[in-house]
Structure formats: structure tokens, C-alpha cells
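These protein sequence lines are chains W and A, in that order.
So the first sequence is numbered by this note's numbering: it starts at 1 and just counts up by one.
So the second sequence is numbered by this note's numbering: it starts at 1 and just counts up by one.
In case anyone wonders, no lab produced these hints; they're calculated from the structure.
Heads up, a few of these hints could be off.
[Said to hold, decoys possible] Keeping only pairs whose Cα atoms sit at most 25 Å apart, straight-line, the calculated DMTMM-like set for lysine to aspartate or glutamate is:
| # | chain 1 | residue 1 | chain 2 | residue 2 |
| --- | --- | --- | --- | --- |
| 1 | W | 37 | W | 48 |
| 2 | A | 157 | W | 57 |
| 3 | W | 29 | W | 51 |
| 4 | A | 158 | W | 158 |
| 5 | W | 29 | A | 125 |
| 6 | W | 37 | A | 98 |
| 7 | W | 37 | A | 29 |
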Amino acid sequence: MPTTAPMLEHQDSGSGSAGESIALNDLEKRLLDRYQKGLPLSPTPFRDMAEELGTSEALVLQILQRLQRDGVISRVGPVFRPKRIGASTLAAMAVPAADLERIAAIINDFREVNHNYEREDHYNLWFVVTAPSQERLQAVLQEMERATGLPVLDLPLERQFHIDLGFPLWC
Amino acid sequence: MPETTNPPLDALDRRIVVATQAGLPLVPDPYGAVAREAGCSRGEVMERMRRMLSNGVIRRIGAVPNHYTLGFRGNGMSVWDVADDRVEHYGRRIGELEFVSHAYRRPRHLPEWPYNLFAMVHGRDRTEVMEKVARIAAMLGEDDRGHEVLFSTRILKKTGLRIGSG
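Whole structure, please, built from the sequences with the hints as guidance.
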């Protein structure tokens with residue numbers, strides 16, 4: 001159970017069932033299911049959405065604002081593919097349980113780390129490292145090994161089989 | 001390898017990335033608002049975003065759901081040891097499953113890490129995730145040389161993509 005959950009973002013929150021899911025009405029569900037995959041790239045995307053959904057632009061904006069405020073969506077906008085901006089890898093470390101807090105703090109201090117998860121495994125620390133170049137990325141991984149005294153498993157993406165276009169939210 | 005090529009982003013592209021990475025403003029003319037922040041015209045913003053979409057810098061422009069808030073709370077990272085000459089075949093098939101959001105090939109590190117195929121499996125709880133993992137295992141049959149599901153127990157750090165700050 002996470003004791004603190006500062007950011008309940010999509011992907012990967014393995015445990016717990018703290019709190020209820022937020023209730024959505026039919027229009028909200030239709031809107032989210034349809035537009036998680038993409039908005040019309042037009043000067044007036046929200047008016048276009050309203051026309052497709054048979055409602056008003058004002059209501060579409062109001063719904064999106066409420067979904068964002070309530071954390072149902074984190075944002076409406078571009079999803080960038082991190083790999084294409086600089087170099088990145090998925091890294092894993094096997095950290096003795098008693099040392100996890102200390103080692104995680106060392107790793108989190110690297111500004112190149114943007115996601116860090118504790119997972120239930122011998123490899124219990126999993127994080128994404130992003131750097132402007134492959135050389136810098138390798139240097140950061142070596143710095144991490146020096147700073148922690150532990151080996152870092154370097155698991156770069158070799159092939160992507162699926163581009164996440166969202167999945168059915170209500171089925 | 002296509003994943004490692006970086007289409008060049010110029011200064012204006014970067015200003016647009018900075019102005020949009022936390023989301024579009026929820027106003028009738030969002031690209032006009034971005035244009036004012038990036039110091040260009042609405043047309044230029046849309047043109048640049050269209051180009052970033054087509055060269056893959058932007059995966060999509062959409063409403064980004066918080067699956068956790070929506071009740072998907074049992075997501076697990078499944079990792080599989082599949083023969084190298086089968087990984088392409090199974091990677092594609094696993095990537096097509098609707099409950100899998102990401103499927104990647106990554107290198108093994110023998111002997112400590114034998115897994116070369118990663119698939120993020122989504123479900124409402126652990127039981128549902130394990131049922132879905134069992135479906136993948138059944139699909140692989142004899143070709144499943146070993147797998148694990150790693151559930152995350154804590155988010156230790158999560159920040160958005162940072163660009164433009166250095």
C-alpha cells in the first residue's frame with residue numbers, strides 16, 4: 001500500500017484500492033473513450049468534438065475542465081514519445097530492503113530520472129533514465145553505480161510492438 | 001534502429017513542446033493561446049504539431065486518462081523469456097491484446113535477468129491482471145520459457161517530461 005501517492009497518474013499503480021472510482025455520466029464516458037486516442041487537429045478541436053458528440057462546445061470544455069480537476073484525466077494535449085527526444089533506458093536495481101529508502105533517494109536526486117517505482121521482485125527498484133545523448137546516459141548509469149555501490153541493469157528499448165492508443169475503459 | 005533516431009527540434013518546436021507538455025489550455029482556441037506563449041502564429045503551432053505527429057515526436061494529442069482514478073489499480077509489468085527468433089512474432093501478438101498498453105523487446109542480462117519481452121498488463125485488481133497474464137501464457141504455450149509479473153508497490157518519483165530547462 002502506498003502511504004503517500006503524490007501523483008496518481010496513469011500506468012502502474014500496483015496495489016491498493018484506496019477510495020472509490022469517480023462516477024462518470026454517459027457523455028463523459030463517450031467523450032473520454034473516444035478522445036483518449038486523439039483530438040481533431042483543427043483550430044477549434046473542442047467545437048469539432050461537440051459536433052461529433054451532438055452537444056455544445058461550452059459543455060465539452062466544462063466536462064474536460066471537471067475531468068481534469070477531479071484527476072480523471074491528467075491533461076488534454078500531446079503525448080510525447082520520450083525516446084525520440086534524447087536517449088533513454090529502463091533501469092533496474094536489486095536493493096536490500098533495509099537500504100531501499102536511502103538508495104531510492106540517491107537515484108531520485110538525478111534529474112535524469114523521471115519515473116521511479118518500487119516493485120515486488122529481487123529487482124525492486126525500477127526507473128526510467130532520460131538524457132540528451134547516449135554518451136550522457138551511459139555516464140549517468142555509471143555515476144549511479146558509483147554513488148550506490150550497486151550494479152544497475154540497463155534495459156533499453158530494442159523494439160516497440162505496440163503504440164499505446166488507449167484501451168477500452170468501459171467494457 | 002528507428003527508435004533511436006531523433007528528428008531535430010528547432011527552437012520554435014521546443015517552445016511549443018514547453019507550452020503544451022502540461023496540456024492544452026481548455027479554451028475555444030487552444031492553439032491560438034499556445035501561439036501567444038510560443039511567440040508565433042496559430043497556423044505555425046498547428047503545422048509544427050502536425051509534423052511532430054507524423055515523425056513520431058508526438059504519439060497522439062488526446063485526453064490522457066488517469067487509469068488509477070478510473071479504477072484500474074492492479075496494473076502489472078509482465079516479463080517473459082521467449083526465444084530470440086520468436087520474440088517478434090509474440091511481441092506483435094501480445095501488443096494487439098486490448099489489455100496490454102505497452103509491449104517492448106529489451107535485452108536480457110544473463111544470468112541474472114533472462115527476460116526479453118515486456119508487456120504492461122492493465123486490470124482493475126491483481127486477480128484480473130493475473131488472469132490476463134495467464135491468457136498470455138496460454139498463448140505462448142511451450143514457448144513461454146519463464147515469466148514473472150512485477151507489481152509496483154510504490155511510486156517513488158514521477159515527473160513529466162522535462163525539456164527546455166537544460
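With a cut-off of 25 Å on the C-alpha distance, tell me whether residue 37 (chain W) and residue 48 (chain W) pass.
holds (15 Å)
Given hint residue 98 (chain A) paired with residue 37 (chain W) - CA-CA distance at most 25 Å:
Holds, at about 14 Å.
Between the alpha carbons of residue 158 (chain A) and residue 158 (chain W), is the straight-line distance 25 Å or under?
holds (23 Å)
Residue 29 (chain W) and residue 125 (chain A) were given as a pair; does the straight-line alpha-carbon distance stay at or below 25 Å?
holds (21 Å)
Residue 29 (chain W) and residue 51 (chain W) were given as a pair; does the straight-line alpha-carbon distance stay at or below 25 Å?
holds (16 Å)
Run the distance test for residue 157 (chain A) versus residue 57 (chain W): straight-line Cα separation, threshold 25 Å.
Outside the cut-off at roughly 36 Å; violated.
Agreement of residue 37 (chain W) and residue 29 (chain A) with the hint, judged by alpha carbon distance not exceeding 25 Å:
Roughly 20 Å separates the two Cα atoms, so the pair holds.
When the structure is compared with the earlier hints, a violation turns up for hint 2 alone.
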